[in-house]
Amino acid sequence: MAMVMDDARPLFQQIAEQIEDSIIDGSLPEESRAPSTNELATFHRINPATAANGINQLVADGLLYKKRGVGMFVQEGARDKLVERRQDAFGRSYIAPLLAEAKRLEMDAEDVKKMIDAWRDDQ
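Residue numbers (full-length UniProt numbering): 1 to 123.
Treat the hints as calculated values from the structure; they're not laboratory data. As the structure is a prediction and not an experimental result, all values here were calculated from the model. Errors might be hidden in some of the hints.
[As the list claims (entries may be wrong)] DSSO-like mimics (lysine-lysine), calculated; alpha carbons at most 27 Å apart, straight line: (1) Lys81 x Lys103; (2) Lys113 x Lys103; (3) Lys67 x Lys81; (4) Lys103 x Lys114.
Just need the whole structure built from these sequences, with the hints factored in.
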């Protein structure tokens, strides 16, 4: 779970995103135990309260739940929820601006698809 911290964003947010990434890539499957606040704090050398804020964000988002006396666990359906949320963000961040620029260049959707295919074939 090692990651490089980004000074531009709050640490708790980065902790939450790290756990989200683990859920998406399957290294933290649904119904499995998530790292504890203390484990995260020790690993990243941060204040446990900061780690707790990241965990609490995931609980609020419905991605983790607490089993009393056992720890935090990945909610069933969390991966699908995250994938859907990130696909939506991908569309807003990349597809909408792409289509806006294509329109300015008088390209239609088919032109964009052909260009994507051509770039993919070159990779």
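Going straight from one Cα to the other, do Lys113 and Lys103 come out at no more than 27 Å? Given pair Lys113, Lys103 holds - Cα atoms ~13 Å apart, limit 27 Å.
Check the hint pairing Lys81 with Lys103 against an upper bound of 27 Å on the C-alpha distance. Distance of about 31 Å is beyond 27 Å: violated.
With a cut-off of 27 Å on the C-alpha distance, tell me whether Lys103 and Lys114 pass. With a Cα-Cα distance of about 15 Å, the restraint between Lys103 and Lys114 holds, given a limit of 27 Å.
Quick one, are Lys67 and Lys81 close enough, alpha carbons at most 27 Å? The given pair, whose Cα atoms are some 21 Å apart, holds under the 27 Å limit.
Hint check: a violation occurs at hint 1 only; the rest are consistent with the structure.
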